[in-house]
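**Q** Chains as they are written, first to last, in the numbering used here: chain W, 1 to 319; chain E, 1 to 367.
Any given hint could be a false lead.
Just a few of them, taken from the derived set where beta-carbon distance is under 10 Å, the chain W residues facing chain E [as the list claims (entries may be wrong)]: (1) 92; (2) 104; (3) 112; (4) 115; (5) 230; (6) 232; (7) 233; (8) 293.
By construction, these hints were calculated from the structure, which means they are not laboratory data.
Small disclaimer: the values here were computed from a predicted structure and weren't measured.
Ideal Cβ positions, reconstructed from N, Cα and C, are used throughout, including at glycine.
So the chains spell out like this:
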Amino acid sequence: MNAWIHLIGGGILLVFMPLLIGGIADLFAERSGVLCMCVEGIMISGAFFGVLMIRLFSETMAVWPLLFLSIVVSMIAGLVTGLLHGFAAIHLKAEQNISSTAINTFVPALTMLISKSVFGTDNFTYSASKFLISKVPILGDIPIIGPIFFQGTYATTYIGITFVLILWFILYKTKFGLQLRSTGENPQASDSVGISVYAMRYAAMMIAGAMGGLAGFTYILNTTYVFMGSVYGYGFLALSIVSLGQWKPSGIMLGALLFGAISVISSTYSVLPILQNLPIPPVFYSILPYAITLIVVALTPDKHNAPAVCGEPYDKSKR
Amino acid sequence: MLKKILLSKRDYSGVLSSLLAIFIGLLVGFLAMVIVKPSAAIAGLKTLITGGFFNGLMTFGSVFFYATPIILCGMGDAFAFKASIFNIGGPGQMHMGALAAVWVTINIGLGPVISPFFGLLAGAIVGALWALIPALLNAYRRVNIIITTIMMNYIGMFLAVDLLKKSNIFDNTKNQSLAVPRPLRTPRAGLDMLFKGSAIDCGIIVAVIIAIILWFVLEKTTFGYEIKAVGKNRDAADYAGINAKRTIVLSVLISGALIGLGGGFMYLGWAGKYLIGSNTQLSEGFTGIAVTMLANNNPIACLFSGFFLAYLTQSGSYMQAVGFSPEIVKVISSVVVYCSALSMLVHEYLRKKKLDYIGREQKGDLR
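Next up, chain W with everything else stripped away, as it sits in the complex (with noise of 0.2 Å):
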């Protein structure tokens, strides 16, 4: 019984925590009114970086520094990225659609440019496993609890949740995150009281950027052992957990919890004994993530939540 526990809440928590992360990321971008459709770029450039140290240094470090480098590169990746959008949306006033979309082509592009020269493959592998904590003492036999949150995880979920945990007190319990709300809504006001809008933007997608770098490397450490310059659209995943879950860090955790039980289906169906049996094609179960993603964004309400200008680009002279 625990072992089923482990395996389907364990392998709901490993997708739960990167859409987290992702969506609070881009939580953060919209809700100071920038449109941040390159989660997905972000989340390769933190991946392709952090796990670029692992391979690096796995032999030459002891495993916790390297974690932690690991970690700290791949935030400081997605962050550089971030800034990269955030120059084009904030000061150049650029189509924020276009510009994601160019970083979305670009950092794949790099990462396997880079991985060639160095490895000589679009490709390739690292071994995580010593980064998996196989139990946590005391709290790993606690029934059921235990084995989903304190039973073979990585460290990174934890140093997750207490980002999030520390990034929506910021966001909702600090002068900083009402100021920074307060430019999605209507900049002109927050700029008539003496707020920087474009400070605050900025700084939006730094900690967007960061949460996004970090967000693709829990994904890459949790879900495979290549790296084949890709996260697969988990990044626009977790976009479309921002709207669904209504611009709410509640509703985000929700929506990601969603995905993550949608995609332990899509990659343990062969081993499921109910799902075993069904007359149901495996190509179905690829698919269900995307195709489950579509049905959310139709079906989700009216969007009398979102930020007020979230995508347009601050003008000054406008009124």
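Using the hints, position chain E against chain W.
**A** Chain E alone, transformed into the frame defined by chain W:
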């Protein structure tokens, strides 16, 4: 010269910003090569610029072949972008279209010319159908089309590979689609006489004809006007009596059809390209975005920008010899897309210069 540009009635900011984008793209590509492998960077840049003539006219002719799908894809994207609909479903629409085109051509059995004709038609229809769901969702529920098209890209990729493997056009041992029999491939219209041994076919002529038709539709017809009006302001267009929903759906369907057609040309031609039985997206679908951005969404200009990017891609295939991944071309083309964000800046800069110039002239400073 400067005076001429500044005072002319035509707006040169589009052309100037495209040239700037190309320059910055090549610069970033070069810098990437310097960082990755400094010793070979110069050789890499040389290959990138001259690679299109690697084997003389033979290689150059093939550039036309590789240009056809990305030009069609770029024109398709441009058509939707004109309505401010950001259709980035190129890879999925192309994949499904290409599969339909190859399947129909091999199975329909109507002989040369007619079989590939129906194949290409099927490709266009399936490409349009693959764009239908995102189009409807955007028109009626205002769902962001980037999310829906990206999801359709993944669904299309998985489905196309699965269908390919179950179909009778799959070669199990090579894990790819069967070769289209020579007589059933796209007609070459004598162009292979001009470029001996190259993969050139009638596709480039079709692309030119379609570009002219699209230009005509956009500039000279009511439908084209409606598309542009919806693109400028959807609600205002609706208020003025234009059926915005219908216009959006139609523009995205035409966009998908062109992209599907491009997929057909890519796999029915003479370059020995096969649909692969593993889950990879058709990156040509994304190159189309760079084509249209570079062309400022103008279908005629897409011919030139598509040719330029195809030339780079062809050069990119020789980059392996000097030790670089062909991905360098993707780096360049995505930087080009990013730089199209600069077009606004260039526009503003030119406008300011022009006003300054006129102002000084009126004051008599220039005498």
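**Q** Does the closest beta carbon of chain E sit nearer than 10 Å to the beta carbon of residue 112 of chain W?
**A** holds, 4 Å
**Q** Once the shortest beta carbon distance from residue 104 of chain W to chain E is found, is it less than 10 Å?
**A** holds, 8 Å
**Q** Close enough to count: is the Cβ of residue 230 of chain W nearer than 10 Å to one in chain E?
**A** holds, 9 Å
**Q** When the nearest CB of chain E is found for residue 293 of chain W, is that gap smaller than 10 Å?
**A** Because about 5 Å separates residue 293 of chain W from the closest Cβ in chain E, which is inside the 10 Å limit, the hint holds.
**Q** A closest beta-carbon separation below 10 Å is what the hint needs, so does residue 92 of chain W meet it against chain E?
**A** holds, 5 Å
**Q** Residue 232 of chain W was flagged as interface toward chain E. Is the shortest Cβ-Cβ separation under 10 Å?
**A** Holds. Min distance 7 Å.
**Q** For the restraint on residue 233 of chain W, tell me whether the closest CB of chain E is nearer than 10 Å.
**A** Hint on residue 233 of chain W: holds, closest Cβ of chain E at ~5 Å, below 10 Å.
**Q** Min Cβ distance, residue 115 of chain W to chain E: is it shorter than 10 Å?
**A** holds, 8 Å
Consistency with the previously given hints is maintained throughout, with no hint failing.
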